[in-house]
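Student: This is what each chain is made of:
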Amino acid sequence: MPLALLKRALLGSRVKDRQFIWPGDLKKSYDVVIIGGGGHGLAAAYYLAKNHGITDVAVLERGYVGGGNTARNTAIIRSNYLTPEGVRFYDESVRLFQDLSFELDINLMYSQRGHCTLAHTDAAIRTMRWRAEVNKHLGVNSELVLRDDLAKQVPLLDMSEDVRLPILGALFHPPGSIARHDAVAWGYGGLASHRGVEIHQRTEVTGIEVEDGKVTAVQTNRGRVACGRVLQAVAGNSSEVARMAGIRLPITSIPLQACVSQPLKPFLDPIIVSGSLHVYVSQTPRGELVMGGSTDPYPLYQTRSTLEFKEELMMHLLELFPFLSEVKLLRQWAGTADMTPDFSPVMGETPIRNYYIDAGWGTWGFKATPVSGKRMAETVATGKVPDLIEGFRLSRFTEFDLVGEKGAASVGH
Amino acid sequence: MKMMTCPLNGPRNISEFAYGGEVIPEPASDTVDDAGWASFVFLSDNSAGVVREWWCHVPTSYWFIAERHRRSNEILRTYPASEVFGAGAQAKDQPA
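Protein sequences appear in the order of chains A and B.
Residue numbering for the first sequence follows the numbering used here, starting at 305 and increasing by one per position.
Residue numbering for the second sequence follows the numbering used here, starting at 41 and increasing by one per position.
In case anyone wonders, no lab produced these hints; they're calculated from the structure.
Given the structure is predicted, the values throughout are model-derived calculations rather than measurements.
Certain hints may be false.
To be verified - Each computed DSSO-like pair below joins lysine-lysine, with the alpha-carbon atoms no more than 27 Å apart:
#	chain 1	residue 1	chain 2	residue 2
1	A	614	B	42
2	B	42	A	632
3	A	569	A	456
Just need the whole structure built from these sequences, with the hints factored in.
Tutor: In structure tokens form, the structure reads like this:
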């Protein structure tokens, strides 16, 4: 990256190849229509063009590029899940993320920190050992670390034994990382637009036309668009969009709130998570603490913030880092998490032919952006669902073949 | 804090209540097929409009029904379950 910067400085060229190419009017028809211009939709568009040579693609975005849950997550990337399906899937995503700044030629500020999931009880220690063994078996780097080692690794973590939930150890996952989430959407979208994909903002899908069980067109606020295939990638609004195609989903939409503190001197290298305390926290390169907790107590399609959330989160955070009690909050926001009954995504085919879905991204969507884009592009292009995502098919619910992912964030263990 | 009106206890902080899912008809267990059962257990309308929901006032363990708008978060109405299921209803009874 620095070399590219130097080259540009000397040659005087501009970064215009990274800018989006904005299309004019909608065409009457496209081969592929992608509903949703967030990270997942734009990644799928990029891989459709790059890996499969399909460029007659329109991405339809109701708001602006990357303005939904792509901009509302806490930017954590990891693969230390519990089910083999989950570990394999997220491991491919972590590997893609590691080279992504180079591939997209945009600085994602990918920062490998290590990810510590704290254990406060003997039962949690057993679960962490289980997760570590599943991870290692599948080639993912995770270790159970006990009190003394953890105290060395995170010196400012309160390791007192006279607190409500003393820390006994942690699942340590060295590949755990954070990245600049907006840049992921911009990188994928910019390059996709240069390969011929049309990205239409402020274009809302208002209806989906199905004939003989096959999708034929979508209606938008800018007119009707005929299409060969559709990919729905609208985290936070999945049930409402799928309803237009007559599909019912195993999803409940619940707000997930998060917040950021004022910038502090760097003191926290790894990402710290505690399922028992419902808190996760990391420190950005700017020094701000990014913090989140559990999902709201009831479903809602809204991104309002509540005092209850902040009170509960801070109460728990101060159990881990008591010295933060005087720190100010800078911003607070929420995203809409599409929660599934088994804490796994819904990817692949639907009962409507040529209508593919990428949904159910609850609290685990950002980290899956590259792999879901790549594998959904493969699904749309070939009409065949790759083995890697077969386990996440929508029909698993009617087949009673769920993927119980207890390694997901915001899940009480 | 947001308030909710319990039909038994009057207006209380919403933190005293627990959400208990959408009010949906339960299929007859002796005739339902797998798809119908899966639909009842796993699938959801998850509407962004007004939804009829089960709520419980936790301190008094009192279950009732609320009609709430899932986009504005406005609670339109709360009422005893007997209004939907009839007086003396059993767990297996269907909503009207």
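Student: Next step is simple, just say for each hint if it's right about the structure.
Tutor: Cross-check of the supplied hints:
1. Taken as a hint, the residue 614 of chain A and residue 42 of chain B pair is honoured in the structure, with Cα atoms around 15 Å apart against an allowance of 27 Å.
2. For the hint linking residue 42 of chain B to residue 632 of chain A, the alpha-carbon distance of about 24 Å falls within 27 Å, and the restraint holds.
3. Simply put, residue 569 of chain A and residue 456 of chain A have alpha-carbon atoms about 19 Å apart, close enough for the 27 Å limit, and the pair holds.
This entry satisfies every hint, going by the numbered hints stated previously.
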